[in-house]
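Chemist: Based on the provided sequences and hints, a complete structural model is requested.
There are 2 protein chains.
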Amino acid sequence: MKPTHIEHIGIAVTNLQEAIKYYEEVLGLTCYSIEEVADQKVKTAFFMLGQTKIELLESTDPEGPIGKFLEKKGAGIHHIAYAFDDVNAALTDAGQKGIALIDKTPRKGAEGLNIGFLHPKSTLGVLTEFCGK
Amino acid sequence: MKPTHIEHIGIAVTNLQEAIKYYEEVLGLTCYSIEEVADQKVKTAFFMLGQTKIELLESTDPEGPIGKFLEKKGAGIHHIAYAFDDVNAALTDAGQKGIALIDKTPRKGAEGLNIGFLHPKSTLGVLTEFCGK
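Sequences listed follow chains A and B, in order.
Following this note's numbering, the numbering of the first sequence begins with 281 at its first residue and continues without gaps.
Following this note's numbering, the numbering of the second sequence begins with 281 at its first residue and continues without gaps.
Because the hints were derived from the structure by calculation, they are not lab data.
Predicted, not measured: the structure shown is a model, and the values here were computed from it.
Mixed in with the good hints, there may be bad ones.
Identical copies look the same in the list; a pair holds intra-copy or inter-copy alike.
To be verified - Cross-link-like lysine to aspartate or glutamate pairs, in silico, DMTMM-like; alpha carbons within 20 Å at most:
#1 K321 x E391
#2 K321 x D383
#3 K301 x D365
#4 K352 x E304
#5 K401 x E298
#6 K282 x E343
#7 K282 x E305
#8 K384 x E305
#9 K352 x E315
#10 K384 x E343
#11 K282 x E391
#12 K323 x D373
#13 K388 x E298
#14 K282 x E304
#15 K282 x E298
#16 K301 x D373
#17 K282 x D373
#18 K413 x D319
#19 K377 x E298
#20 K352 x E305
#21 K413 x E315
#22 K377 x E304
#23 K384 x D366
#24 K282 x D341
Modeler: Written out as structure tokens, the structure reads:
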């Protein structure tokens, strides 16, 4: 099952306002949305560039996934999200191919998208998200 | 200065053939090129997905940049490359904004593109490449 495009790249940052400033002033992008995802214990900022979004992730809880990532690895690229027309089918297909799934079925993520994560132990060290409408 | 799109995402892998198999069989992508970049001490494999390429990077020398990255951090996402119409101007602009540059002027990279890297200490932990024709 092939994704249609790279939906977004997730980047863990220590300070969202400082990071938005960098992406706007140095890379010339425009932040079009800031959203807190309570379930994931993050505050996110989105930028559109061609087909793909940059999603900045600031932790709202040291015990959340981004809090733990920042403590262990520091700020940097966190995950890649591939867009699929049918996220549920894509997750099922990956699972049938032996990939360890963090989410066996889609749940709601930022921007109201259906999302599911594959475990990096099965994806050559790359935390991988499948997402779509 | 704004990039036109995300040109590629660079991913460090320990075994290129194993990684190609994963990207083809699980993600449904097609490897269209394998290229050794002697200067960077890497062997690369490329996949196209919408506007953006996935560039897998296998080290050919433990002392090269990918060899050192793999030893320190293990396999995973290595860098993001932004496409610019004028890479030289984009590097100059970033330098004038106080960003530390690994390459002050473009050099030739994989696929014959002009490339230049920004230092992750200036880019919130994200190794960032500017590239273009």
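Chemist: Run every hint past the structure and note whether it holds.
Modeler: Evaluated hints:
no.: 1; hint: K321 x E391; verdict: within (15 Å within a copy, 40 Å between copies)
no.: 2; hint: K321 x D383; verdict: within (17 Å within a copy, 37 Å between copies)
no.: 3; hint: K301 x D365; verdict: neither (33 Å within a copy, 23 Å between copies)
no.: 4; hint: K352 x E304; verdict: neither (27 Å within a copy, 31 Å between copies)
no.: 5; hint: K401 x E298; verdict: between (32 Å within a copy, 14 Å between copies)
no.: 6; hint: K282 x E343; verdict: neither (34 Å within a copy, 36 Å between copies)
no.: 7; hint: K282 x E305; verdict: between (35 Å within a copy, 10 Å between copies)
no.: 8; hint: K384 x E305; verdict: between (39 Å within a copy, 19 Å between copies)
no.: 9; hint: K352 x E315; verdict: neither (24 Å within a copy, 33 Å between copies)
no.: 10; hint: K384 x E343; verdict: neither (23 Å within a copy, 40 Å between copies)
no.: 11; hint: K282 x E391; verdict: neither (22 Å within a copy, 24 Å between copies)
no.: 12; hint: K323 x D373; verdict: neither (31 Å within a copy, 30 Å between copies)
no.: 13; hint: K388 x E298; verdict: neither (27 Å within a copy, 32 Å between copies)
no.: 14; hint: K282 x E304; verdict: between (32 Å within a copy, 9 Å between copies)
no.: 15; hint: K282 x E298; verdict: between (36 Å within a copy, 19 Å between copies)
no.: 16; hint: K301 x D373; verdict: between (40 Å within a copy, 16 Å between copies)
no.: 17; hint: K282 x D373; verdict: within (11 Å within a copy, 37 Å between copies)
no.: 18; hint: K413 x D319; verdict: within (19 Å within a copy, 42 Å between copies)
no.: 19; hint: K377 x E298; verdict: between (41 Å within a copy, 15 Å between copies)
no.: 20; hint: K352 x E305; verdict: neither (28 Å within a copy, 31 Å between copies)
no.: 21; hint: K413 x E315; verdict: within (18 Å within a copy, 36 Å between copies)
no.: 22; hint: K377 x E304; verdict: between (40 Å within a copy, 12 Å between copies)
no.: 23; hint: K384 x D366; verdict: within (14 Å within a copy, 44 Å between copies)
no.: 24; hint: K282 x D341; verdict: neither (35 Å within a copy, 33 Å between copies)
Going down the numbered hints, you'll see the structure goes against 3, 4, 6, 9, 10, 11, 12, 13, 20 and 24, while the others check out.
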